[in-house]
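Number of protein chains: 2
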Amino acid sequence: MVLRKAKHTIQEFALIRAIERRFARGASRLVRGIGDDAAVIAASPPMWWHLTTDLLAEGVHFDLNTASPKSVGYRAAMANLSDIAAMGAVPRYLLTSLAIPKTLKSAHIYELYEGLMKACRLHGVRLIGGDTSASKAGLFLSITLIGTTAARRALFRHGAHVGDRIYVTGTLGDSLAGLQLLTGGKTPRSTRRKRARLSQSQRHFLVNRHLHPTARLAEGQWLNNARLATAAIDLSDGLSGDLRHICEESRVGAELDLGKIPISTACRAYAERHRLQPAQLALTGGEDYELLFTVPSKKQSTIERQARARGYRVTCIGTIRPHRFGIQMTSSDGTRRPIPMTSYEHFR
Amino acid sequence: MVLRKAKHTIQEFALIRAIERRFARGASRLVRGIGDDAAVIAASPPMWWHLTTDLLAEGVHFDLNTASPKSVGYRAAMANLSDIAAMGAVPRYLLTSLAIPKTLKSAHIYELYEGLMKACRLHGVRLIGGDTSASKAGLFLSITLIGTTAARRALFRHGAHVGDRIYVTGTLGDSLAGLQLLTGGKTPRSTRRKRARLSQSQRHFLVNRHLHPTARLAEGQWLNNARLATAAIDLSDGLSGDLRHICEESRVGAELDLGKIPISTACRAYAERHRLQPAQLALTGGEDYELLFTVPSKKQSTIERQARARGYRVTCIGTIRPHRFGIQMTSSDGTRRPIPMTSYEHFR
Chain L
207 MVLRKAKHTI QEFALIRAIE RRFARGASRL VRGIGDDAAV IAASPPMWWH LTTDLLAEGV
267 HFDLNTASPK SVGYRAAMAN LSDIAAMGAV PRYLLTSLAI PKTLKSAHIY ELYEGLMKAC
327 RLHGVRLIGG DTSASKAGLF LSITLIGTTA ARRALFRHGA HVGDRIYVTG TLGDSLAGLQ
387 LLTGGKTPRS TRRKRARLSQ SQRHFLVNRH LHPTARLAEG QWLNNARLAT AAIDLSDGLS
447 GDLRHICEES RVGAELDLGK IPISTACRAY AERHRLQPAQ LALTGGEDYE LLFTVPSKKQ
507 STIERQARAR GYRVTCIGTI RPHRFGIQMT SSDGTRRPIP MTSYEHFR
Chain S
207 MVLRKAKHTI QEFALIRAIE RRFARGASRL VRGIGDDAAV IAASPPMWWH LTTDLLAEGV
267 HFDLNTASPK SVGYRAAMAN LSDIAAMGAV PRYLLTSLAI PKTLKSAHIY ELYEGLMKAC
327 RLHGVRLIGG DTSASKAGLF LSITLIGTTA ARRALFRHGA HVGDRIYVTG TLGDSLAGLQ
387 LLTGGKTPRS TRRKRARLSQ SQRHFLVNRH LHPTARLAEG QWLNNARLAT AAIDLSDGLS
447 GDLRHICEES RVGAELDLGK IPISTACRAY AERHRLQPAQ LALTGGEDYE LLFTVPSKKQ
507 STIERQARAR GYRVTCIGTI RPHRFGIQMT SSDGTRRPIP MTSYEHFR
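Residue numbers (the working numbering), protein chains in the order written: chain L, 207 to 554; chain S, 207 to 554.
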């Protein structure tokens with residue numbers, strides 16, 4: 207039986223501590239950050255604390271042969287920020303742990319932190335703690351993110367009611383299209399030359415949507431503070447899978463109008479060139495990090511007016527139905543069928 | 207560039223969620239546990255939140271060939287509970303993430319959670335969230351533990367003053383002796399038969415101290431609430447390394463009286479049989495999870511009286527000296543020399 211803390215097995219750990227201290231300055235409510243047995247936060251007004259954690263494994267969640275350490279760090283932070291956005295919370299503090307293989311250069315570890323902190327800085331999040339250890343096989347990255355809302359004021363997955371309208375922010379499917387562009391895509395050889403190439407700006411848009419996703423924090427806080435949404439989730443597993451989570455937690459069904467799913471011009475062009483249904487990219491493509499939320503039908507005009515005023519893109523894509531209805535989608539030709547169970551197929 | 211959430215790549219994940227939900231019931235201040243984008247905690251009285259996180263890697267921190275999954279889980283939780291003990295805090299909530307290789311059976315994952323929750327139940331800690339993913343190589347376990355104290359009331363590493371007496375709880379070196387017994391030890395062949403064998407109960411005591419360490423939560427809360435300690439740390443890296451942390455953070459030196467380090471009868475017998483210095487086991491052996499803390503000299507009689515009344519074992523082992531003194535140890539023969547820089551040699 208062997209279980210130990212291995213805080214000092216890699217020479218670079220002193221460097222990592224230095225990096226962390228460098229990135230961890232400031233924070234008003236922070237009593238004690240890195241350098242003690244635990245980070246300490248002062249909490250006084252009545253509030254709710256939101257805690258989310260993710261463990262990312264090399265070869266499963268990211269591939270350092272094709273991804274820069276900086277982008278791995280950035281996307282890891284953004285995935286957690288997106289969870290906090292879906293609660294309608296303000297992100298505050300980050301704890302991050304790394305298990306580092308001997309083969310990884312300390313410059314790469316620095317770049318990984320740079321990416322993490324770039325995402326955090328965008329949203330005023332402070333690094334307050336973590337742990338580092340050796341790894342026998344591959345890089346592992348664990349992130350815990352803490353956010354706050356006022357007490358009794360948060361968005362959950364379980365509040366959707368029959369008759370509520372289903373909304374999403376932004377456009378869907380871009381991230382999967384961007385990923386396929388980066389990894390060589392799935393174009394059958396025969397079709398490659400017959401169809402128009404994507405423009406450079408379209409390629410750039412899609413790849414950037416994959417590499418630099420944006421957690422919808424402002425939108426989440428707006429929906430929460432204005433009491434407009436009855437339920438919310440972030441789209442990390444694809445519309446199909448994440449809508450299912452809302453339905454399961456709220457014990458309802460849902461009807462999606464496929465033709466209304468917001469698709470970017472670039473994604474539509476990509477789908478056309480690759481003979482794909484754009485809606486299919488949205489249903490099965492993960493990591494868009496847009497918000498999926500439900501709104502009482504009487505608040506539809508309010509939400510659309512406020513969104514326009516704030517410059518947020520929100521689109522109504524369906525309606526919450528009774529549980530027995532299941533989860534179905536209606537095509538533009540009026541045919542209705544169940545949404546397949548498949549979720550985003552993650553890296554294999 | 208590939209970075210994704212892989213929450214659904216392993217069939218057992220549904221099972222894991224079920225396991226987590228089973229273990230995650232209750233918790234008064236808990237608004238929302240597993241099943242949403244983040245766990246939510248209601249915080250209202252002015253208090254301090256203590257957050258600690260650890261990432262444990264198979265082959266580095268534990269070896270599933272020699273350790274049962276249950277003991278891996280138990281010890282992982284205890285290592286984090288010990289950090290919370292060193293802050294003088296009450297442990298409250300746990301988030302745990304696993305990256306699981308395909309080769310690991312779901313029964314083993316269940317056992318791992320059993321071990322985790324056994325340690326948590328002992329101290330009223332609730333599992334409130336986490337993440338699961340596939341792993342290409344080995345099991346990785348990330349734990350985040352949250353504890354609380356009253357506002358402006360906690361033990362840090364940085365409060366030690368010149369003249370303070372240095373104390374430890376319990377006995378030191380047992381865990382390393384227990385580990386060496388489990389892994390075959392370091393006895394030179396020639397000496398094995400010349401010396402008395404350890405008794406069965408002595409072996410059992412040492413192995414159990416390694417396999418089932420006890421985080422000193424009651425002792426930490428007592429030291430904090432009674433305002434007796436000026437600084438504290440838990441002994442996870444060995445007395446030598448952890449005393450160094452106190453000295454660095456407090457900008458002081460220290461003088462240890464080697465003869466006063468509390469050594470159990472079993473550890474003394476083990477050291478004698480293996481021709482080791484017992485103090486050496488204490489200085490370099492990690493994972494005792496006892497508390498090391500400093501006390502103003504005028505409070506010495508108070509602390510010793512209160513400890514006796516409560517049945518806590520505390521031992522004065524030295525004195526805080528000025529920074530220029532460095533960190534030195536005095537042997538029973540009166541010779542004084544610097545404490546070597548070596549820390550606990552973790553699993554290689």
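It is possible that some hints are incorrect.
[As the list claims (entries may be wrong)] Looking from chain L toward chain S, a few residues come up when the C-beta cut is under 7 Å (computed):
#1 259
#2 265
#3 266
#4 301
#5 307
#6 311
#7 337
#8 340
#9 343
#10 346
#11 406
#12 528
#13 529
#14 531
#15 534
[To be verified] In silico SDA-like pairs for lysine to any residue, Cα to Cα no more than 25 Å straight-line:
#16 342/L <-> 273/S
#17 342/S <-> 490/L
#18 276/S <-> 457/S
These are calculated hints, taken from the structure and not from any lab test. Quick caveat, the model's predicted, so the values are computed rather than measured. Quick reminder that beta carbons are idealized off the backbone N, C-alpha and C, glycines included.
Now for the hints, and whether the structure bears them out:
no.	hint	result
1	259	4 Å, holds
2	265	4 Å, holds
3	266	5 Å, holds
4	301	5 Å, holds
5	307	9 Å, violated
6	311	18 Å, violated
7	337	5 Å, holds
8	340	5 Å, holds
9	343	3 Å, holds
10	346	5 Å, holds
11	406	18 Å, violated
12	528	21 Å, violated
13	529	17 Å, violated
14	531	22 Å, violated
15	534	21 Å, violated
16	342/L <-> 273/S	17 Å, holds
17	342/S <-> 490/L	23 Å, holds
18	276/S <-> 457/S	40 Å, violated
Comparing the model with each numbered hint stated earlier shows that hints 5, 6, 11, 12, 13, 14, 15 and 18 do not hold.
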